[in-house]
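Asks: Take a look at the letters that make up each chain.
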Amino acid sequence: MSVRDLYVSFVTEFGVVDAVKGVSFDLHRKEILGLIGESGSGKTTTALAVLSLLPPYARVKGQVRFFGNEPIDVLSLSESQLYSYRWAKVSIVFQGAMNALNPVLTIRDHFVETAKAHGISDPKKIKELSYELLKSVELEPARVLRSFPFELSGGMKQRVMIALALLLRPSVIILDEPTTALDTLTQRSILELIKNVRDQFETSMLLITHDLSVIADSADRVLVLYNGVPMEMAEVKSLYYRPLNPYTRMLIDSFPMIGKILKEKGKMLKPASLHGCPFAPNCPLATADCYGATMVMKEVEKDHFSSCIHADQIVQEENSDE
Amino acid sequence: MSDFIRSSEILRTENLTVSFTVKKGILKKAQLNAVDGVSVSIEGGTTLAVVGESGSGKTTFGKTLIGLIKPSAGAVYYRGQNIWKMDRKQFMQFRMKAQMIYQDPYSSLNPRKKVYDILAIPIRVHKLVDLEQEQAAVYSALEDVGLFPAAAFAEKYPFELSGGQRQRVAIARAMVLRPEIVVADEPITMLDASLRLGVLDTMLSLQKRMNLSLLFITHDLGMAYYIAGTTGKIAVIYLGSLVEYGPASEVLKDPLHPYTKALLSALPEPDPIKSRSKELMKLRNMEPTDPTKAPPGCKFSDRCPFAFERCYRERPLLSDKGDEKVACFLYDVPGVPISPEKPAKRRGVPTGS
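Top line first, the protein sequences correspond to chains V and E.
Counting from 1, position 130 in the first sequence corresponds to residue 130 in this note's numbering; the numbering is continuous, with no gaps.
Counting from 1, position 232 in the second sequence corresponds to residue 232 in this note's numbering; the numbering is continuous, with no gaps.
Pulled out of the complex, with its shape left as it was, chain V reads as follows (with noise of 0.2 Å):
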């Protein structure tokens, strides 16, 4: 699918809040294509966007298209449409596991409502639905069925929330933060079972996260939001060895690692701007013009986009490191 310049703003008794600035992408078949972004950089409303889930009070502007048999203008698609394109077509693990189950209903009911609502209504073909797609997640079908949410374990509910979104068999699938809130060891094993599922489902993935680890483990290609912006998009590891925007660079830089030496000493950010360039107040690359630029993505290297007006400084400047 592909996202072209999309923009959603939220009207709020304060005034109108920018959310998503000119985000474009598009999803490859097969692909996982990591959205990162700290909290408030525009990574669940673009997820929503792209399902047309947005309420009614935000503005959307911009293309959304799914490519199946034929194309789909998903933000023009009428109620009645959107039906069979949500969920059949692209579905969602929503962020927080631990509380998207209806906590009265056992897992064995959410498959049966799932299903009915999309139409399939024979019994026996949703059990062997449900249990095919348990299996695939690594559950036992028959214990899993019977019980409530509360009887699972984080790790477990998020298994059930993957097979859960995989019912329709749907071509693409949005994780919203799947391993925020788990432990380490189940946190790699989701990532795990998420690489799987691509692989078993040929499903394209759309893996949003704040956590870089989560992107350098399973992730084909990064695209870098802040604030709403798109910073940076390329594929995984040129991202990281090449970062080509100063806020990527320092979303590295700011990863707690064995072995690194603290460079600055508590030192704080300052607030995103809400012009130009969102990074500009905390970049040292940063001049008067980035607090006036239109934020851009350029194919700087093959492959490699960034929206920083010094990205060919940045080149310049790696290429005389090496």
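Note that these hints are calculated values from the structure, not bench results.
Hints should not be assumed to be uniformly reliable.
As the list claims (entries may be wrong) - If you want the footprint, here are the derived chain E segments under chain V, 3+ residues with CB under 8 Å: (1) 180-194; (2) 215-223; (3) 267-273; (4) 282-294.
Only a predicted model underlies this, so the values are computations on that prediction, with no experimental measurement involved.
Every residue, glycine too, gets a C-beta built ideally from N, C-alpha and C.
Knowing the structure of chain V, use the given hints to seat chain E on it.
Replies: What follows is chain E alone, placed relative to chain V:
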């Protein structure tokens, strides 16, 4: 032994145990040792990082250490003195010297108090300084954590602050009493990536300047090492019991316990090449075990890929192995046999408080 003070030891726990009664069904009650016979010691100015997954009892341990929870068995010694045998004055003094920073800065600050009062109230409770000096103490605590200008921040309410700023206020509140020991319970998990390092570094530089002893609670072994560094120690807690304990660099370089090895194999890694070349150690169950359903024998035996017959029968004790301590039969440590009639009870632990 209890009154013996090692050279620079400031806090020590001996066989510390905290039991809770948990309801299982309508009539059934079970006893859960959230902290189960933990003995550690912290020296002045050093860091002890406590690593454990959710439900391992690491937060309960931290709270017990600074006297917020009374242990059901065992004791906490502050400068050689059992804190629960202190008189009121001594205990107040200890509580002033041992402070805590909580995980969630969104709920640990009173939303109806200004930052100034959040910091001034502990000063008044402990009668630390006179009223005239109070303002200076509050401002300097704010400046210490990087909140400039202090006078402006002092007049704000928590809702006016970002997550990182709130956590800095929480740190300032702990520091304003000039403590010797600070327990930090996952202080950066709720913060954004770009704020994390700043908050951590603020804590580390304060530690250096004030010669603080830091107990840092985390679920991330990498974070533990980052904080404990070359001089600190790491204690790995599994379902309330200490399974590995030693110098941070040793634990990380050569982890002994299978659980620590698994944690190391799951270490978050930002480098995509390294991350993809690493293999996750497969446990028999990747999910944490329900603390109320800990198996008899070694508590890790239901997940451990190396478990053998003895592990299901006996509970391993913590014993020396080089510079470290480990509780695992792979290193042939004599343990406590579990009698078949009473598989769950052992060592006659007193209940409740």
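Asks: Can you name, in rising order, the numbers of the hints this structure does not satisfy?
Replies: Per hint list: zero violations.
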